[in-house]
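Enquirer: Residues per chain are reported as follows:
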Amino acid sequence: MKVIVDLTRCQGYAQCAFAAPEVFAMRGDEALLYDSDPGQGQRERIERAVAACPVQAILVDREGGRHRLSPETSRGLGEEMERIGRIVIVGASLAGLRAASVLRREGFAGSLTMIGDEAHPPYDRPPLSKQVLIGRASAQGTVLPRHDEFDVRWRLGVPATGLDLGGKQVILADGQRVRFDRMLIATGLRARAWPKETAAGLDGVCTIRTPEDAEGLRRRLAAGPSRVLVIGAGFTGCEVAAACRELDVLVTMVDRGPAPLAGALGAVIGRIAAQMHRDHGVDLRCGVQVEALEGDRDGRLRRARLSDGTTMEVDVAVAALGSVRNVEWLEGAGLAAGPWGVACDAGCRAVDANGVVTDDVFVAGDVARFPHPVYGFQYLALEHWGNAVAQAEIAAHNMISPQSRRWAHLALPEFWSTQYDAEIKSVGVPTYADQVVIPQGSVAQRRFVAVYGYRGRITAAVAFNQSKWLEFYAGLINQAAPFPPSFRTVDQPPDVHPVPAEVPVRPTYQATVVVTGHTPGQRRATLVRRPYL
Amino acid sequence: MTGSSVWQQILDHSHRADPYPLYTELRKTPVRQVEDGSYVVSTYPEIVALLHDPRLSSDLRHLPEMGTVSGEGPGLPPSFIRLDPPEHDRIRRLLTWDFGPPHRPGRVDGMLPDMRVIVTGLIDDLVGKTRVDIVDEFAYPFPVTVICRLLDVPREDEPRFQALSDALIQVADPTTGSITERDRQRNKAMANLGQYFGGLLDARADQPAGDDLLSGLLRASGGDEPMTRAQVLANAALLLVAGHETTVNLITNGMLTLLRHPEVLDRLRRGEEPDLAARVVEELLRYEPPVHLLPETRNTLDDIEIAGVTIPAGSRVTLVLAAGSRDPALTPDPDRFDPDRAHNEHLGFGGGVHYCFGAPLARPETRIALTELAQRLRNPRLVADPPPYRANPGLRGPRHLFVDIDAVDPARP
Ligand SMILES: Cc1cc2nc3c(=O)[nH]c(=O)nc-3n(C[C@H](O)[C@H](O)[C@H](O)COP(=O)(O)OP(=O)(O)OC[C@H]3O[C@@H](n4cnc5c(N)ncnc54)[C@H](O)[C@@H]3O)c2cc1C
Ligand code: HEM
Ligand code: SF4
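Respectively, the protein sequence lines represent chains C and E.
Heads up, the final residue of the first sequence is numbered 533 in the UniProt record's numbering, and it's a clean run with no missing numbers.
Heads up, the final residue of the second sequence is numbered 413 in the UniProt record's numbering, and it's a clean run with no missing numbers.
No lab work stands behind these hints: they were computed from the structure.
Beta carbons are placed, not taken as given, at the ideal position from N, Cα and C, and that holds for glycine.
Don't take each hint at face value.
To be verified - Some, not all, of what chain E presents toward chain C, calculated at C-beta under 10 Å:
| id | residue |
| --- | --- |
| 1 | 98 |
| 2 | 99 |
| 3 | 113 |
| 4 | 114 |
| 5 | 215 |
| 6 | 277 |
| 7 | 278 |
| 8 | 302 |
| 9 | 303 |
| 10 | 307 |
| 11 | 359 |
| 12 | 360 |
| 13 | 364 |
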C-alpha cells in the first residue's frame, strides 16, 4: 500500500510511530522517517496511525475511498464547468496529481489528460534524499497514494515540447497535439548537473531528483565507498551528507558560501547547522569550491581538486547545486517564462510576456513564481513540497470556478528538512530578512526557534526540533508583528538579542526560496533566454 | 458580565449529562472573563492557537496568588504536566525513553495482546449476569490493570491509591474551591502518592531493575540529565492518576454513545471494517471526550490579544477542549456522532508540547474494549439514559453505566 505524510503539517507527535512502529520511525525528538510502500499486512496498523495523527497529516490509498464533497467545494460548479470540457495538465508529479484529484473532487466531469515525461506514475521526492538513501524505504516505492481511482487519460513517458496558446493546444514530442479548454503547467524543475560535461559523465558523479538517481546513489553508498564528496551544502547536500554518516561512510561536503544552508537560512543559522554536521563527523569545508573532478581511463571518478589547494581521492561525488526550472518547452509560447520559472498571479493564472494575465493557463508547483503580499508582492519561486500541494489545490479550484469564487494563494511558504535526528522547519521567507534572533530554546541542544525580521517586522521563523511552536510564529508573520519580538515566553534563553541575518545579497544557486525581480532596473518585459543561469 | 451565567451553568452539576447546548452558547464569546477573574476559551481556532502559544505557561508558580505553593506538596517538585520547556521537555523525554519511540518504538504495540487478554477475562467474568455496570465491572478495572503493569505497581494496592487518586480528581474540579485551596489539597494527596511510590522504590532497591517504566526512571538515558528521586516520585504519581481516571471515561462514554447509535454498534459487532474501531475512538475523543476542560492550568506570561480580547499578563486561563471539538469551525455538523468523518483534528488529548503522554496507550485500550464489548454483549440495552454522572465538569463521565444484556457470547478467535 502507499503512504505519504504531509511533513509540513506534521508536528512530531509520534502517534503514528506508536501505532505502526514498523512503518513509521522517529529519529530524535520529532524527525519522522517512514516507509512509503509498506506491505499490505501493515494496513490495519497504518489505518490506526492515520486516525490517530493529531494533525491528520497521513494519507494512504484506499479502495472505494470514503471521500465526501464538503458543501464548500461543490459550490464552485455550475455554468463555468459546462464551458470547460477538456483540461490538460503538463507535469505528472506532486502538483499535477494533486490538481487532478482536486478537479475530480470538486466535480469536474470533462476529460482530464495528464502529460508527463517520466515513465513513472507520480511519486514523492522528499524520501529520495532521506529514508531511501539509508535503505529504510525503496526508491521505486515512493509512488504517491491516490484517494480514489479517478478517471484520467495518462500520457506518461512523452514530454510536451510546445504550447500553442492561440490554438489552445499542447504539442507533444511525438508530434501529437492535445487540445484543451484549460491547462495547468506543473513541470517543476530538474537537478542542476555538474557544469563540466565530461566530468559530469564520469561514473560516480551523481545528482538526485528521481528514483533512478536515488537508487543509483543508494547502491553506491551501500557498496562502501572510500569517501563521498558532496558539492553544495544546501538542503539536498546536507541530507545526503547526513545519510552518508548514518551509513558510516566518510563524507566531505564543500560549499562556496560561508556555511551550510546559508543560501536559504542565512549564515547565522547556517553555522549552527555546520556544527551539527561536524559533530556527526562530516568533513565540512565552507568558502571552498570544487575546481575539477577527475576520472581514470575507464571513466570512473577518482579524485577532486578543491580551491583550498587540496586534492582528495573520492569515488562518489554528489552535485547538489540547486536546480533548473523546466521551462524550455514554453519558449516562444508567449508566456512570462524564464530561469526563475513561469510567472503567475496569486490565483495561479499564468502571466504572458507583456505582463497580462491569461485566462486559461494556470501554473503550480516548483515551476511557478507568484507575487506574495506578505513579501511586498514580490515574486516568490519556491521549491517546497507544501507549496506545490497548496498551489495545485488553488489552481485546480480556480480552473473550474467563476471569477467571484476564485481563491488566492496566500499561504506562507513552509518547508521541512530531516538531517540526523533534527527536524528543521521553516515558515515564511528567511532570506527576506536583515536580522535574526533566537527567542526560544537552546542552540547548544539544537532545540530552538529562530525568528527573522526585515525592517522591524517578523518575516520568517525556523525551528530545529521545536515544530510545535512554529504555527505561533506563522501567525506573527501574517500579522506583520514587530521585530524583534519583545514578549515573554516559556524557554527563553538568558540573552536574546538580534544579530545581522547574513542572508545572501543575491539569491545563491542553492536557495530554496528566491525573491526575484525586485529592483526597478530588473523590471523589463524582455524575456531571459538560454543559457539558463 | 454576560458570560458568567452560562459558565456557572456549565460548572453546575445539574448540567453534567448534556453540557453541549451550553457550549454552543459559550462559543458565542470565544474568549471571556468569568466571575473569579480567570479567562475561559471555548472556540476551536483560539484553543489551538493558545495550545501552541509560548506566552502561556503551565507552571502555576508564575502566579503571584500561588505564593509559596511550590510543587506537588511537601518535598515533591511539580510533575511535568505543570512545568514548561525546557524542563518539561527533558522529563517527558526521560519518561518516553522506556515507553515509546525513538528508543522503544514497539513497546505499546507489544502490549496489545496482553490488553486483549485482560479485556477477555473481564468480560468472561460477566457470564451469567443480565445486568452489568460497565464502569465498575469493566471500564475502571481494565485501564487500572494496564497502568499497574506498566509501572509494576501491585494490583492489590489498588484500594489504597484509588482513594488518593479520587482525592486528586476531586481537586481538579473547579467547583470545589479556589485555585489555591485546591492546590493545597492536591499537594497533600500527591505527597501521599509520592510516599507510596517511595515505598515501592525502596522495596525494589536491592532487586535488579525491571523493564517497567518506574525502574527505568532512575537511570540516566538518552543524553539527558536524569531525574532526582523526588521528580521520579512526582511523575510516577502523575502517570498512575492520569492512567486511572481518564480512559475509564472514554470507554464508558464510548459504550453509552454506541448504545445511542445502534447502527455504529452494529457495524462494530459485525467486524467487517478493520479500521472502524480506530475511527470510532477518535470520533469519541471529539464528540464525548473524557477531558472537557483544562481548568486554570495555564497562565499568561505576557499580554495576549486573541479574538478581540486582551488577556493581561498574569491571568489564569481555562481551555474548554470539549467545546472546541464541537465547534463548527473544526468540522461540519459537529453535534452528530459520525466515525466516518474524513478529517478529525479533535482536541481530546490537548495539543502542543503537553499533548497527552498516555494517548498511545488509551487509544488501543479503548479500541479493544469497545470492540470486545460490541462483539460479546448480546443485545445490550441502556437501563437509564442519561446515566448518573460524576460531579466533575472537567473530567467528565458516568459514575455508573448499567446495561441489560441477554447473554455474554464467547470471545471470537
Ligand atoms: C531529493 C529531494 C528532496 C526534497 N526534500 C524536500 C523536503 O524535505 N521538504 C520540502 O518541502 N520539499 C522537498 N523537496 C521538494 C519537493 O519535492 C518539490 O517541491 C516537489 O516535488 C514539487 O512538485 P512539482 O510537481 O511542482 O514538480 P516536480 O516534482 O519537479 O514535477 C514536475 C514533473 O514534470 C515533468 N516534466 C518536466 N518537463 C516536462 C515536459 N516538458 N513535459 C512533460 N513533463 C515534464 C518532470 O519530469 C516531473 O515529473 C525535495 C525534492 C527533492 C528532489
Ligand atoms: C482517554 C484517555 C485520556 C485522555 C482523554 C487524556 C487527556 C489528556 C489531555 C487533554 C492532556 C493535556 C493536558 C494539558 O495540556 O495540560 C493530557 C496530558 C497528559 N496525559 Fe492524558 N489522557 C488520557 C489518558 C492518559 C493515560 C492512560 C495516561 C498515562 C499513561 C496519561 C498521561 C498523561 C500525562 C502524563 C499528561 C501530561 C503530558 C505533558 O504535560 O506533557 N493520559 N491527557
Ligand atoms: S504529527 Fe502525525 S505524522 Fe507527524 S509524527 Fe505525529 S502522528 Fe506521525
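Enquirer: Does residue 277 (chain E) pass the interface hint, meaning its C-beta sits closer than 10 Å to a C-beta of chain C?
Expert: At 9 Å from the nearest chain C Cβ, residue 277 (chain E) passes the 10 Å test, so the hint holds.
Enquirer: Holds or violated: the hint that residue 113 (chain E) contacts chain C, with Cβ atoms closer than 10 Å.
Expert: violated, 14 Å
Enquirer: Does the CB of residue 114 (chain E) sit less than 10 Å away from some CB of chain C?
Expert: violated, 16 Å
Enquirer: Quick check on residue 359 (chain E) please, does its C-beta sit within 10 Å of some C-beta on chain C?
Expert: holds, 6 Å
Enquirer: Just to be careful: measuring from the Cβ of residue 215 (chain E) to every Cβ in chain C, is the smallest value less than 10 Å?
Expert: violated, 21 Å
Enquirer: Hint validation: residue 98 (chain E) versus chain C, beta carbon distance must be below 10 Å. Holds or violated?
Expert: Constraint on residue 98 (chain E) not satisfied, violated at 13 Å.
Enquirer: Against chain C, with CB atoms and a cut of 10 Å, does the hint on residue 302 (chain E) hold up?
Expert: Holds, because the Cβ-Cβ distance from residue 302 (chain E) to chain C comes to roughly 4 Å (cut-off 10 Å).
Enquirer: Classify the hint on residue 278 (chain E) as holds or violated, based on whether any CB of chain C lies nearer than 10 Å to its CB.
Expert: For residue 278 (chain E), the interface hint holds, since the closest Cβ of chain C sits about 4 Å away, which is under 10 Å.
Enquirer: Verify the interface restraint on residue 99 (chain E): the C-beta must sit less than 10 Å from at least one C-beta of chain C.
Expert: holds, 9 Å
Enquirer: Should the interface hint for residue 303 (chain E) be scored as holding, given a Cβ-Cβ cut-off of 10 Å against chain C?
Expert: holds, 8 Å
Enquirer: Per the CB criterion, is residue 307 (chain E) less than 10 Å away from chain C?
Expert: violated, 13 Å
Enquirer: Let me know if the C-beta of residue 364 (chain E) comes in closer than 10 Å to any C-beta of chain C, holds or violated.
Expert: Status holds, d = 8 Å.
Comparing the model with each numbered hint stated earlier shows that hints 1, 3, 4, 5, 10 do not hold.
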